[in-house]
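Asks: All chains, full assembly: derive it from the sequences and hints.
Number of protein chains: 6
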Amino acid sequence: MKRGIKHYSIGEAFDDFILIKEANRGVASNGKPFLTLILRDTTGEIEAKLWDITKEDEDVFTPEQIVRLSGEVNQFRGKPQLKIMSIRPAQTTDGVQVDDFVEKAPVAKEMLMEKLTESIFEMKNPKLQRITRAFIKKYQEALLTYPAAAKNHHEYVSGLAHHIVSMLALAKELHRLYPEVNKDLLYAGIILHDLGKLKELSGVVTTSYTLEGKLLGHIPMMVGEIGKMADELQIEGEEVMILQHLVLSHHGKAEWGSPKPPLVREAELLHLIDLIDAKMNMLNRSLENVKPGEFTERLFAMDNRAFYKPLFEEN
Amino acid sequence: MKRGIKHYSIGEAFDDFILIKEANRGVASNGKPFLTLILRDTTGEIEAKLWDITKEDEDVFTPEQIVRLSGEVNQFRGKPQLKIMSIRPAQTTDGVQVDDFVEKAPVAKEMLMEKLTESIFEMKNPKLQRITRAFIKKYQEALLTYPAAAKNHHEYVSGLAHHIVSMLALAKELHRLYPEVNKDLLYAGIILHDLGKLKELSGVVTTSYTLEGKLLGHIPMMVGEIGKMADELQIEGEEVMILQHLVLSHHGKAEWGSPKPPLVREAELLHLIDLIDAKMNMLNRSLENVKPGEFTERLFAMDNRAFYKPLFEEN
Amino acid sequence: MKRGIKHYSIGEAFDDFILIKEANRGVASNGKPFLTLILRDTTGEIEAKLWDITKEDEDVFTPEQIVRLSGEVNQFRGKPQLKIMSIRPAQTTDGVQVDDFVEKAPVAKEMLMEKLTESIFEMKNPKLQRITRAFIKKYQEALLTYPAAAKNHHEYVSGLAHHIVSMLALAKELHRLYPEVNKDLLYAGIILHDLGKLKELSGVVTTSYTLEGKLLGHIPMMVGEIGKMADELQIEGEEVMILQHLVLSHHGKAEWGSPKPPLVREAELLHLIDLIDAKMNMLNRSLENVKPGEFTERLFAMDNRAFYKPLFEEN
Amino acid sequence: MKRGIKHYSIGEAFDDFILIKEANRGVASNGKPFLTLILRDTTGEIEAKLWDITKEDEDVFTPEQIVRLSGEVNQFRGKPQLKIMSIRPAQTTDGVQVDDFVEKAPVAKEMLMEKLTESIFEMKNPKLQRITRAFIKKYQEALLTYPAAAKNHHEYVSGLAHHIVSMLALAKELHRLYPEVNKDLLYAGIILHDLGKLKELSGVVTTSYTLEGKLLGHIPMMVGEIGKMADELQIEGEEVMILQHLVLSHHGKAEWGSPKPPLVREAELLHLIDLIDAKMNMLNRSLENVKPGEFTERLFAMDNRAFYKPLFEEN
Amino acid sequence: MKRGIKHYSIGEAFDDFILIKEANRGVASNGKPFLTLILRDTTGEIEAKLWDITKEDEDVFTPEQIVRLSGEVNQFRGKPQLKIMSIRPAQTTDGVQVDDFVEKAPVAKEMLMEKLTESIFEMKNPKLQRITRAFIKKYQEALLTYPAAAKNHHEYVSGLAHHIVSMLALAKELHRLYPEVNKDLLYAGIILHDLGKLKELSGVVTTSYTLEGKLLGHIPMMVGEIGKMADELQIEGEEVMILQHLVLSHHGKAEWGSPKPPLVREAELLHLIDLIDAKMNMLNRSLENVKPGEFTERLFAMDNRAFYKPLFEEN
Amino acid sequence: MKRGIKHYSIGEAFDDFILIKEANRGVASNGKPFLTLILRDTTGEIEAKLWDITKEDEDVFTPEQIVRLSGEVNQFRGKPQLKIMSIRPAQTTDGVQVDDFVEKAPVAKEMLMEKLTESIFEMKNPKLQRITRAFIKKYQEALLTYPAAAKNHHEYVSGLAHHIVSMLALAKELHRLYPEVNKDLLYAGIILHDLGKLKELSGVVTTSYTLEGKLLGHIPMMVGEIGKMADELQIEGEEVMILQHLVLSHHGKAEWGSPKPPLVREAELLHLIDLIDAKMNMLNRSLENVKPGEFTERLFAMDNRAFYKPLFEEN
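Protein chains in written order, with full-length UniProt numbering: chain A, 1 to 315; chain B, 1 to 315; chain C, 1 to 315; chain D, 1 to 315; chain E, 1 to 315; chain F, 1 to 315.
No lab work stands behind these hints: they were computed from the structure.
No false leads were mixed into what you were given.
A pair counts as met if it fits within one copy or between any two copies, since identical chains are not told apart.
As a list, the in silico PhoX-like pairs of lysine-lysine whose alpha-carbon atoms are at most 25 angstroms apart:
{"#": "1", "residue 1": "K172", "residue 2": "K183"}
{"#": "2", "residue 1": "K49", "residue 2": "K32"}
{"#": "3", "residue 1": "K214", "residue 2": "K127"}
{"#": "4", "residue 1": "K228", "residue 2": "K260"}
{"#": "5", "residue 1": "K138", "residue 2": "K228"}
{"#": "6", "residue 1": "K49", "residue 2": "K21"}
{"#": "7", "residue 1": "K291", "residue 2": "K214"}
{"#": "8", "residue 1": "K228", "residue 2": "K214"}
{"#": "9", "residue 1": "K291", "residue 2": "K127"}
{"#": "10", "residue 1": "K183", "residue 2": "K291"}
{"#": "11", "residue 1": "K291", "residue 2": "K104"}
{"#": "12", "residue 1": "K214", "residue 2": "K183"}
{"#": "13", "residue 1": "K291", "residue 2": "K124"}
{"#": "14", "residue 1": "K291", "residue 2": "K55"}
{"#": "15", "residue 1": "K137", "residue 2": "K228"}
{"#": "16", "residue 1": "K79", "residue 2": "K55"}
If you're wondering where the values come from, they're calculated on a predicted model, not measured in any experiment.
Replies: Printed below as a string of structure tokens:
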């Protein structure tokens, strides 16, 4: 079984396949071009410099390319860096694929799909159910592979679906506790709230923001899509607008990107459930990396707090 | 010529036609129902109580109904109030119409339409021009009658078109001063930026917010509409998204309702032109009501400031 | 069955027992003293004036006194007011008691106590369990009768226990969904987080802030109490301080009254669960009072928002 | 024609005159002193190190000195750096002057002066006109050469006059559109609003803040100067105070340096015109440096936004 | 000895001299004009209505007029109101003067002047001393009678001088504790910091803001005055600018009206001393009015807090 | 007499005793471990690298160890660094002790203790006096040695006591100026307000935050301690709670760590005195390091301002 780049110490030799996540061209002080590579496998990332590159090197060593690399783990300005001895692109005969090098949700795609289908079966309002089902059908492939965000929380393959399915579980329980809640509306809102990210983010492996993502953002894009979808399905009635409102308001406040705050009970609940699941995902993943008695690193998306793991945690 | 309710003094008799703007039912301390009417003509508004009403009265004296009213202007808790002696609904033979009682833009509809058409003729980018023209065609009637807002600025008949046409004049000059500016994009942004208000506001005479207006707001609605229109016209290319960005960002900041701030030069300029024209409209209308050496009342939409009219203004 | 003051219309006669919530002395323009009474039953409150009072009246008609009152519901400045014809204090033979006039949690005290006990049985960490049990024992009577707040949420008899028990149900489910969470710590935090309110609030029927509540607040008071209790029980170890931290940080931010923000996973979760249960309580109680298609009144504690009840809610 | 330092690539040789903008002494790890020079011509700036300097070197290579330098453009920590082979101060016979190395407004001084004079001729209020003319006369030389700011906008020779003249053009058009505006007052405000910068900034070539600029700032200084000037010219009347108010309030808000917000129509307009011209100057200069389809670098003075240049810009 | 309006109860007869502070004309529901008078003596204020007034009444009953009034103290909307039976303007033979009806500082003018003179004698820096002395001479009369503010703190006759003298006492002690402090600079700053209020406020008896006060504010006005005074006295050197900086920055922050924050040690100290003396004045005057065990009314200028007077205060 | 590390220039040899303040292990690019040492004496700090360390080295060269070190002062990335030639731990025979290397308050411990005792003698309220005396007795040793903070102000040995004693001097004077102030309460508040720091901070030489300090903070800890102490001393009455309130509110605002703002006169005054003494300590220490005509470095704890020392300061 593979060891993973995160587990190498300074000074150790490395000889394995690894994936290029980013490749940026620079010019050295001797005037020759070089590449700064960010390499990754499922355990983490490491930087490497490829010096004195040719034009062909630039065409070959690009993002999402797997390479066979041998070298040594060094340290540069306090951070590990991989010193390259030899490097070549992987070939089909190597039997490796991009999927092997990226982190995935702890739940399989099939199971995630099953949970989504189950929730849709539970829905009784035909309008909400039809719109929701139509979107799942339209985006099924991407929905099951995209991360929920470029960083911060659920930033792994199938992260978005994992996030949705966790939220649905929470919603189910909250509906049991507060039966006044309209479960259909809440489910529909949860499933659709972040689908705009499929257009906002550039892809699964090297996730960045698209131009559309930067200039419009996933929330207004998705509100527009729901309108179009309802037109196509010839669905009318307040359900459509209320569902758009849930998506529009799910960031909770204007300064967080929702031009309208939640003004419907299920919109408020959607916002809170989203918050809880995102925060628990971040917290659990950070606390996993520290021992009892230690603090995590500062978490930017949680007001830059460092969290403490009590000594009495059995880990 | 009519005198206008604003010009009556306390103690004077009133006997004229006037328009009901609002009618709210109450119950008096003697247990009998009454109506609180807000009456208006082009010069202003006044409150009146209609006591001991019948069921029929309630059906007749409703918003947008013109009435013939005779009575006296009194004062109640420091504000004028119209004491009703007799009141009857206007009849077709009276030769009065709602239009006679509402304030209008200082420029005629025909002239506003002409200016819009002129601007569209100036545009050279066919995509931007076609989308803009399609919207004007679709909404022409409402666009030429709606106010630009429920209160604060351009809150009169044709206020929206008046606002757009003033902004176009400013844009033309700014383009002359800063020729780098893309005039076509700026024109298109100006014409479309507030069209969502046609759905956000309930109407011309008694302007309030629609449910859709409250839950979604005019900005996301219009961004969605531009997307649909481009689909219908089969227009593709960055123009569509950039135009959506202009509309989306024209409030300037997330906390003011724009989930994305202006990130394109013409978007920034659209925001600033909108600000200037709205503020000048408010300021000029307020300062008109005071004499040199006086302060206006506090203007809520301008950070609650009261403005001073210098003594050396010839008014 | 009693009708409840909320259900009387203007002009109707009233003849029933009702509870005095507040009684304030004033002096009328004729120089004679009078009492402004706030009267309440389980359905709501109404104001009444008792004119020309004697010294004895002042001693008799005081808060928490039940009275037999006959009169008529009038309207004064837009609000209902009870015009008093006759009034006398209730006597033991009348068979009425304060408890009949105050709103209560929808779950019986016994059931609430049972749920608390159950949760304590689930706890495995002996230190956390002992402290929690000791507090429940110490404050059992008050804990089962106090409201959770003077207004806004769970502001009824047994409101505090009802709030705690709802939060425990949520916590149980969250622990199932995120098994990394330390359930014992979270349970202990939930049960103790608001116990300081038993000293911050003045009582069950006429709830206001005590001097201690105003100058210290329930959070620092409870942090101190946990320290004393641990000393008494001779419990040492990080559990005590972490539990104090949970109570200290449960308002989430310094500006909301927590000098330290949550820095332990269960502290963050406690804050979020508290938020959800308080908000759902407010929302559900407000939406109950409106029909589909209507907005609630503005809810001050929810950023002054008015919430919409969709037409498709079957209510 | 000269090429300009901005257009050299890494690895290229440089052999030309260039101006020293800053010179800071350091001590190398070998204990010997060196100079870090910031060199500039009209196209941009570059850093260079002059090692092992003598006392004489320190006296010669100072700010505002032109040097003949031959060397090579290298890269250091991701930024270009000029490696010095030989360097000597320019001599009178070299025929170069400081003026050749600093960026200038795109409009000639004479034209700027003409435009200022024209505006003053348009003014009808004799008090406002006399004060304005007196200031132009007093500061004419500096006014025509100073930048409008140390950085951000119009930060080039004659930048202040260029900024004023652009604002006057805008004002003229706004007065045409909103004839209620007092053009004389607005013109006077525009011409004087930033004259305090002549004392706040240290000079034209190496612009920094004077002590007076740091402790008092240009706004209070200029308000004081207007008062003195009016005394000298024996001008009385509200014009003086209103003009002081325009200068005082032109930053718009207390937190932006205006102890009073604009409280006169022309003060509000002055603030908005200043904003537009400053922003358009920044935006146009930044967008000039990027190709269609690219974003500019982040602009600190525009809320740190990066702006996008659409693909359909013909540049 | 006079009793003071504050000490009259509802229902009591009043027959005494009293001062008109404000007089506002209104029109009653019967169409006849009336005056709303605010009357005051040293103990407080009361409102009164003078019905059916003649043109002469309007000319006679104006602010700062003393009147002989007999009537009765009533209550109107929860507040005391003086019902007028008869009223006449005071005559010279009545032997009353405005001074008898306004609150004064607890220290006599002569003593305040003596303290100011003493402090100036202590100063050693001749420049600071000369400027300070020149201002005291120029404004002596007003300085010894004006209040320090229109409301909030030291809002009584000689309030400004009282405030300055208290601050000087504090400064003297702080200089003893922190001998690094430049006492001359601090003294000069204290004496001059609020002199601009002599132009910002309209007068001693009926204190409101002048137009200059509203549009420029006392801080920029005083900074300008110091500049002029130094010119007149032909004083040069950093002292002048530093003294202007102290005045400019004494509100501490831009949003509180100081375009520059304190950047000199004595400027920081001036700001803090001003804060302490203003706050102590407000607090002491409010706490004087409550008994141990009570809270004061909310103090707007102290973040709207109500302060508690402990039971163990002997009052 | 010792010279102090602050006074060495780049290139100079160093051969003296010095104290290790921090020691952090790293791994060099050659794979070998090294220590980054922060060394200090009373004049300042310097960094040093100890390469190729053994396991023993790690055990020996730890914080609070004095070492004999010879080497040379170099420069690394713009900051001085001590290049180590030889290093050995100090021995008992060397006659050096930790105390020689740390900065101390300018007043001796004995004098500080005397001042504290004096103040307690002045107190007349027996409850306040007994609690205060008990705390001084309990913490005497630590109180006389701890700094008042980890950085910013009074960050030296006996800093806390020095801060308290300065505040007491100020309080005494303020009481003279405002005799309404309850001196006993103010004295007690001053002496106890920061005692929680004895638990919040880790020690005198290498001061960092304890876990308890991070999770609870000194304010809530001290409020709890006062409660326990009063219980132990069997003191009852409002004094205890009011004293807790003073400690709780002394940071002035919720966002600065005080869940309740000052609501008692002496609480407000305590907050202000604390502010003045902390700020004067910071300012005086910074200004000591610059010459007249210069600015200090930016002071983070004073809103990041740099302060100017006027030319006319004789220093």
